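Line by line, the protein sequences are chains A and B.
No gaps in the numbering here: position 105 of the first sequence is 105 in our numbering, and each next residue is one more.
No gaps in the numbering here: position 51 of the second sequence is 51 in our numbering, and each next residue is one more.
Pair ranges (Cβ atoms, derived):
{"hint": "1", "chain 1": "A", "residue 1": "S58", "chain 2": "B", "residue 2": "S84", "range": "33 to 43 Å"}
{"hint": "2", "chain 1": "B", "residue 1": "G3", "chain 2": "A", "residue 2": "R80", "range": "19 to 29 Å"}
{"hint": "3", "chain 1": "B", "residue 1": "K53", "chain 2": "A", "residue 2": "L61", "range": "30 to 40 Å"}
{"hint": "4", "chain 1": "B", "residue 1": "G40", "chain 2": "A", "residue 2": "V44", "range": "14 to 24 Å"}
{"hint": "5", "chain 1": "B", "residue 1": "T26", "chain 2": "A", "residue 2": "P111", "range": "31 to 41 Å"}
{"hint": "6", "chain 1": "B", "residue 1": "T15", "chain 2": "A", "residue 2": "R50", "range": "41 to 51 Å"}
{"hint": "7", "chain 1": "A", "residue 1": "N18", "chain 2": "B", "residue 2": "T13", "range": "41 to 51 Å"}
The set of hints was computed from the structure by calculation and includes no laboratory data.
All figures in this text were calculated on a predicted structure; none of them were measured in a lab.
For every residue, glycine included, the Cβ atom is placed at its ideal position computed from N, Cα and C.
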Amino acid sequence: SQQGEEDPQALSIQEGENATMNCSYKTSINNLQWYRQNSGRGLVHLILIRSNEREKHSGRLRVTLDTSKKSSSLLITASRAADTASYFCATDADAGNMLTFGGGTRLMVKP
Amino acid sequence: DAGITQSPRHKVTETGTPVTLRCHQTENHRYMYWYRQDPGHGLRLIHYSYGVKDTDKGEVSDGYSVSRSKTEDFLLTLESATSSQTSVYFCAISDSQGPSTDTQYFGPGTRLTVL
Chain A
1 SQQGEEDPQA LSIQEGENAT MNCSYKTSIN NLQWYRQNSG RGLVHLILIR SNEREKHSGR
61 LRVTLDTSKK SSSLLITASR AADTASYFCA TDADAGNMLT FGGGTRLMVK P
Chain B
1 DAGITQSPRH KVTETGTPVT LRCHQTENHR YMYWYRQDPG HGLRLIHYSY GVKDTDKGEV
61 SDGYSVSRSK TEDFLLTLES ATSSQTSVYF CAISDSQGPS TDTQYFGPGT RLTVL
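Here chain B stands alone, though its shape is the one from the complex (with noise of 0.2 Å):
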């Protein structure tokens, strides 16, 4: 998974709790992304940063944010989780330099169950 972690792989909360997820790179790789893939909808780019304090909302941002203070850790914050946030997130990376500028890589996954 080209030096990406996400943590944690697995979470039940309840609505209304916060939850933080973390995706960390060992790539140092300018942009990270988080997405979310839900049945029949595809991966939704929910938010992206391109670089250090640096972020910018995706097509399904509300209700999330994002904080990066260090080149390789994004964090994505629900602030009051709710059912439709149930969903697997995805972490991707890529760079801003060489031939394959273009090409994302993708974390293992989050599973977030929101009851």
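One chain only, chain A, in its complex shape (with noise of 0.2 Å):
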């Protein structure tokens, strides 16, 4: 079963509109992350916030992390085409260095 469920499984943008995709989890974390896989390649890590935190920056990626609510939001301002790809969340478990990923997100940027 999976940890994290994103939503909306598609997004469809125009470029330069800014894109939200959200993540749901069910059990307690110490951090959330996000990566994306571009077609045919592999996932490449974005970004990473702890459990203590709140919202994290990274050039044009915005992350917020509610705990109470088991949630967390990534944001992409300003969007390119670049950008089309899918989008997964991921949380970690208890031993072992692993991760829980989410069904993603397939976000496609209209140039």
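Fit chain to chain and form the complex, with the hints in mind.
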């Protein structure tokens, strides 16, 4: 079973618009991560937010974490066609540096 | 892809045949993982390793075995491939030291088709 569930499953926007993806999870976590996967490629780490943090920024990315609601959001501002990809949230487990991934959000940014 | 290679990148095999996928890293990271990715299921952990000869099962380990005889290599074996094991397989690594111990780095994937 998946710890994280992304919403929406698919999102289509125009270049320049903002894209928001949400992730909900079930159990307590130490941190939550977001990854990007371009078509036919492996996942690439984007950002990590720890359970004691509420917001984190990296370039055009903004991640929020609400541990009381067990949810996180990823905002991509001023989107570009190159942002077209699938985005996954991942939560940590108790041991072995393991992560549990959600099903992903497929983002399409139209030029 | 952070010094991670997977071989082969594509493989077509028949039901009942054994298949071994190889993951090789040049980062000297302690942890290595095998995932499978299927439509509608995201990534699911098959097995992972926390050191040479130290491995453990993940969420979907039935039908798979692994071995790690060297830090840099992590092998995934399908003893008798079935059509349900048609998938894209990803290897990942992570370190046990430093500020990014929870970050995983992924290989390019192996697309396996079992006919």
